[in-house]
Structures are given as structure tokens and as C-alpha cells.
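Asker: Each chain, written out:
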Amino acid sequence: MNSFKELKRNLKKDSSSLPEIKLSIVGDTSTQFLSTAIQGEAIERGYRLDVFEAEYNQVERQFLDPTSELYDFGADFIVIFQSTHKLGEHHSMLTTEQQASLADDRTGFLAAVCENPALAGKKIIYFNYPEIEDTVFGSYANKVESSFTFQVRKLNYELMRLSQQFQNLFICDIAGLQNKLGRDVMFAANVYTSTEMILSMDALPYVASRVMDIVCAVKGQFKKCLILDLDNTVWGGVIGDDGLEGIQLGHGLGIGKAFTEFQMWVKKLKQRGIIICVASKNNEETAKEPFEKHPDMVLKLDDIAVFQANWETKVDNIRTIQSILNIGFDSMVFLDDNPFERNMVRENIKGITVPELPEDPAEYLEYLYSLNLFETASYSNLDKDRTKQYQVEAQRVSLSKTFTNEADFLKSLNMVSVVSGFTKFNTPRVAQLSQRSNQFNLRTVRYTDADIEALANDPNVIDLSFTLEDKFGDNGLIAVIIMKPLDRETLFVDTWFMSCRVLKRGMENFTLNTMVEKAKAAGYKKIVGEYLPTAKNKMVEHHFPDLGFKKIEGTETDLYELEVDNYIPRECYIDKDFID
Amino acid sequence: MDKNQILEEVQEIFRDVLDNEDIVLANETVADDIEEWDSLTHIQLIVAIEKHFKVKFTSKEILSWKNVGEMIDSISTK
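The listed protein sequences correspond, in order, to chains A and B.
First residue of the first sequence? That's -8 in our numbering, and the numbers climb one at a time after it.
First residue of the second sequence? That's 19 in our numbering, and the numbers climb one at a time after it.
FYI, nobody ran anything at the bench for these hints, they're computed from the structure.
Backbone N, C-alpha and C define an ideal beta-carbon position, used for all residues, glycine too.
Be careful, since some hints might not be right.
Stated by the list, open to error - A few chain A residues that don't get close to chain B, going by computed Cβ distances all over 12 Å:
#1 LYS3
#2 GLU11
#3 THR58
#4 LEU110
#5 LYS113
#6 ASN181
#7 SER185
#8 ASP193
#9 VAL229
#10 TYR370
#11 ASP485
#12 PRO524
#13 PHE540
#14 ASN557
To be verified - Calculated pairs, DSSO-like style, for lysine-lysine (alpha carbon to alpha carbon, straight line, at most 30 Å):
#15 LYS69/B <-> LYS3/A
#16 LYS(-4)/A <-> LYS69/B
#17 LYS4/A <-> LYS69/B
#18 LYS84/B <-> LYS134/A
#19 LYS74/B <-> LYS415/A
#20 LYS(-4)/A <-> LYS84/B
#21 LYS69/B <-> LYS171/A
#22 LYS77/A <-> LYS78/B
#23 LYS171/A <-> LYS74/B
#24 LYS21/B <-> LYS341/A
#25 LYS(-4)/A <-> LYS21/B
#26 LYS78/B <-> LYS(-4)/A
#27 LYS171/A <-> LYS72/B
#28 LYS495/A <-> LYS215/A
#29 LYS21/B <-> LYS77/A
#30 LYS74/B <-> LYS77/A
Stated by the list, open to error - With beta-carbon atoms standing in for the labels, derived distance ranges:
#31 SER94/B <-> TYR62/A: 37 to 43 Å
#32 SER94/B <-> THR58/A: 31 to 37 Å
#33 HIS70/B <-> GLU46/A: 31 to 37 Å
#34 ALA102/A <-> ASN85/B: 50 to 56 Å
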């Protein structure tokens, strides 16, 4: 973790080339240091923040006054930090009866903020409340609804409920952070008393990091894949030397418990949708043996999307994994107990995250918890199937090698695509994919669930989602189109993104055929597409010209157009299943 | 530890926290003498000094120092 001093120094660097994000901070205590720390952390993550910081103790005014600076500034993200201290002050001035509704009053205020139409499309990042045990009732406070302890805990619970209700609300879990760091680290009474600053200098970098975790996740920057070494990372000992009976796992032998609990954590990540892979220097057969035969292995072969066990370097194996998964190295985490391997991977693979695991495996988990590596801005049930899909992809790759003719291979897949507008069933997945897709994404506009709902309800918008199924399995929803009218004759492709899982299957052709059909049916003459380059989407640089679009000359960005009347449907081997 | 030694170490902390190698402290130095020393960096300095000398200042001390000399007096009595 960077120190506050280092974060502050970042602000002196030239960050003018970094993409800008507008962010507002409102708090009921002094937030200057917090603002500095968040800006410094943003630069670490490759963003430049344009910050509006409200005068302190203006939370209500800034939100209730429609002419306030907050509305005027128009930030994409609004960070709200209402402190437990001020809440306690307020609590002390209330009657017992009022005290019992303290949590409800606060969530009522926040609900009004989230519902405020003037803030539509903005992301609210709200700090929850680190507990202060005032011991007025002692442990008996748990029985007393009006006690401060009771109300703070209730409030933290209600904030979770509220964030389920409002898709634009993200809780920044600094209460969880205090659990990890301890209240005496999180808070310095002498500094608070002399300055109104609630968060200690030591806590600030952690809090800033948690805020930026959320911002980055919303922006589509987050971890998708965990790559594991095996010996002394997943189990204790060396399988090649110690053998199946000799490795440490489970509650019996040596420090096996540490590895078992580590595996349980990995399993939960897998169930959440993180792709788990293995990169190990071992014979494949030897490496797989514990997964198949050891009774205390929590992880099974089924949990591993790509299993690379051989005598190549870790760097080569990680590159192979990357080529199968088709995701960026910056969305990968590599865990290895060996500092030499870690350094080698760090030095050779730009962007990959390689945590400096502690020497004692007993410390692995607590250390990993402190990093909050797997923040996300969305979650859907489909995430759970992801491992299966990548395993199937590995099978597809091996089948394609048996065909010499690509068309024959594509025909043999028996592909079917279901085309549908945005519905309440596919909205979470559409929003999620809009946040996750970086490479095959023409304009990289990120949408939340609420945005997608709004688009679905707009009669002028042509919204299309595509699934793709083949004889190996269902890829689920893999491509999305949003087209908006520029004028009566012209449709603009606001969004075109596709999961890289289905590259080279003719899905682009199928998608365009469908777009043209829709455009014609609605009476449009032209479709205009735009390519906005990012660090990651070079893959689709020539997407529109490759599909027969003509470049429009003399425009600032790369714009292309297609006449729909002369369009000849492009060849593809995908059958359509329409749902309207 | 004698006060000159403390002054020297405090000076190092000032240079590091305020990112200015030219800072020279004397007992009479006050916040107005050093451009980067304001109410905000004051807190950074205090926390850095607390850590370095493994001491804890009272909130009264934090608010009461008139110059560097008084700060050093506080440290030397801990």
C-alpha cells in the first residue's frame, strides 16, 4: 500500500495524458486529505480526477439545493462520507424515541439522493459506518433499539439493502476496512480533536484505494482471472517429491489447514465467476493427481478453466492461458510462493497483478483479504458458468485443428443465436458486459443496469442483444448493439461490443445482417459507425471498413457509413432465433 | 536525546514530508517562514514526527506550539 505522502507526490506528476473522471466529494468532516489521497490513488490506476470538494458539513445543503455547486459541477461519481462521529453527535441530541429511528432517517435521506432525477446516471459512492463502541449500555446495547451500537449496525445493514434497491448506489465498505485495520489504526483521537479529520493518515491510502476499486470496477477495470502455482501455494510441499500422501492438506498433516482454507477462498471466487487457472512446473499427470485423488482437496479439476502443468516457464504458460481466455493481462492475478517466479512474471508480463505473498502460508489469506483484489460493479448468476464456458472453449480449439477449411468447421458447430431487445431478464448481463468488454468494443461506453433499462424504454433506440449456442454448449449473451437515430434517415451505432470468447465465428457478420434488417424495417437509409480508440480496442480498429462501411472523410473521429438499401447480407453459418 | 539532535531529525522529517530539501529549521522557525507548512501539512508533520520518535502528542500540544522550539520541547519530555 502506498503511503499518503507517496499519493500526494503523485499529484505533482504530469497526468495530463490520462483519461479524466469527474468526481465530487461531500462529507460532514474535513475531507481535504481524503480528496488528496483519492486523487493520488487515481493516478496510480491511470486516471486523472477532476474533483469538486464541497465545503465541509454541507452534505444536506449540497443535495437539497438544486442550485448547489454539486449539481453545477456535474460529476460522474459522487463520494459521500458521513462519519460515525457526527452520527453519534446527532444521536446524543435526540429523544429515546427519535434515537430508535436514527438509521431509518439516514437511509431515508440517502434513498432520496439516489432517486433524485437530477442525479440520474451518476454513481453514488457512500461510505458505511465504522462502529464506535460507546459502551453506554455495554453489550446490553444489542437488546436496546435506541442505543448507538444498535442503530449503527442497523444502518450498515440497511445500507446493504438500499444498495440492492438502487443500482447507482455503491457502498464503500470502510466498516470492513476498520475490521481489518483496527479502530486504533483507523482513527487518531488527537488529530481528530485538533483538525476535524476523521480518518488517520495511515488509514487514508486504504480508504482511497477502496474508493478507486469501485470507480475502476465501474469503468471496466477489474480482475477476471486468478492463476495459481501449485506446490506450496495450493498445497504444502512438492507433489513431485513428497507424493500424494506427503503433501500437506486438511486438518491432519503439518500446516495443511492453511492451504485448505486458502482453497476454500479460491473456490468461492470461482463460484462468484472468477476464472481459476493453474500454471505449474510439474508433469501434468503428477500435478493433476491431488485434484483427482486427494480427499482433502477442495479444488477439483472441474474448477480449473485452463490447466498448464509442464516444464515451460511460468511466463510462457501465463501467455498460453491468456491466448485461450482472450482477456487482458491487467485483469489477471498470479499467486506463487516463490519470489523468483513472481519477479520473473512481473518483469515479463506488463499489467498482471502479482501479490507479494507472505513467507508463512498461514498468513496468505489475511494478506490477500487486505488487497481487495476482486472488487466488482456487477454480479449475475451467469458468472458461475464462466469456468465451464472456458473449458468448452478449449475443446472447440482442439476440434478446429481437425478441419482444414474454416467454413466446414463453422458449419460443423451448428450455431444458433437468439436475438432480443433489452428485457428485464437480460439487463444485468447487458450492463455487466458493457462494463467488462474492452477489446471488442467500438466506443467503450459503459452502462449500468439503470442506463440499460432507460435505453430499453426509449422507443427511438434500437437495442439488440445476441446469444450464441453451438454443439458444445451455450455461450449465453455475447454481443450487444445500441443504435440511436441521428436524423430521420440515419442511425448511429452508439454501442457495439462482443465477448472475445466468440471471435472468428462469423458473429460480426450475423450481427450486421440483423442490424441492417432492423434499420430497413424502421425506414432508415444509412447506418453510421464510429471507432473511438482506447488502450485496449485496437483489435476493432478496422472493424467498420472490414464489414463494408465507407469512411466519412474530414471528420474529427473515425466515422464510417453504410447504405442499407444496397446491402447484401454477409455470409455466416449461424441460425437465427428471434424473440421480440 | 539532546535537543540539537532532535532538531536535526525533525528538520529531516520536514524536508521529507514537505518535499523541500532546502528547509533549515531553528527553534524560532514558525509556520509563516516555510511556504509548504500550512494547517494541513502540519498534521502530516505531526503524524510523521510521532512515528519517527515513537511518541504521541496530546491534542492540546498539537494546537499550542508557537514555533519549532516548543515542538522540540514536547518531544524531549516524552
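Asker: For every hint, state whether the structure bears it out.
Answerer: Outcome of the hint check:
no. : hint                             : result
1   : LYS3                             : 8 Å, violated
2   : GLU11                            : 24 Å, holds
3   : THR58                            : 29 Å, holds
4   : LEU110                           : 30 Å, holds
5   : LYS113                           : 28 Å, holds
6   : ASN181                           : 4 Å, violated
7   : SER185                           : 4 Å, violated
8   : ASP193                           : 8 Å, violated
9   : VAL229                           : 41 Å, holds
10  : TYR370                           : 38 Å, holds
11  : ASP485                           : 44 Å, holds
12  : PRO524                           : 36 Å, holds
13  : PHE540                           : 52 Å, holds
14  : ASN557                           : 64 Å, holds
15  : LYS69/B <-> LYS3/A               : 25 Å, holds
16  : LYS(-4)/A <-> LYS69/B            : 14 Å, holds
17  : LYS4/A <-> LYS69/B               : 27 Å, holds
18  : LYS84/B <-> LYS134/A             : 49 Å, violated
19  : LYS74/B <-> LYS415/A             : 57 Å, violated
20  : LYS(-4)/A <-> LYS84/B            : 25 Å, holds
21  : LYS69/B <-> LYS171/A             : 21 Å, holds
22  : LYS77/A <-> LYS78/B              : 21 Å, holds
23  : LYS171/A <-> LYS74/B             : 23 Å, holds
24  : LYS21/B <-> LYS341/A             : 49 Å, violated
25  : LYS(-4)/A <-> LYS21/B            : 26 Å, holds
26  : LYS78/B <-> LYS(-4)/A            : 25 Å, holds
27  : LYS171/A <-> LYS72/B             : 23 Å, holds
28  : LYS495/A <-> LYS215/A            : 22 Å, holds
29  : LYS21/B <-> LYS77/A              : 40 Å, violated
30  : LYS74/B <-> LYS77/A              : 25 Å, holds
31  : SER94/B <-> TYR62/A: 37 to 43 Å  : 52 Å, violated
32  : SER94/B <-> THR58/A: 31 to 37 Å  : 54 Å, violated
33  : HIS70/B <-> GLU46/A: 31 to 37 Å  : 33 Å, holds
34  : ALA102/A <-> ASN85/B: 50 to 56 Å : 51 Å, holds
Checked against the numbered hints given earlier, the structure breaks hints 1, 6, 7, 8, 18, 19, 24, 29, 31, 32 and satisfies all the rest.
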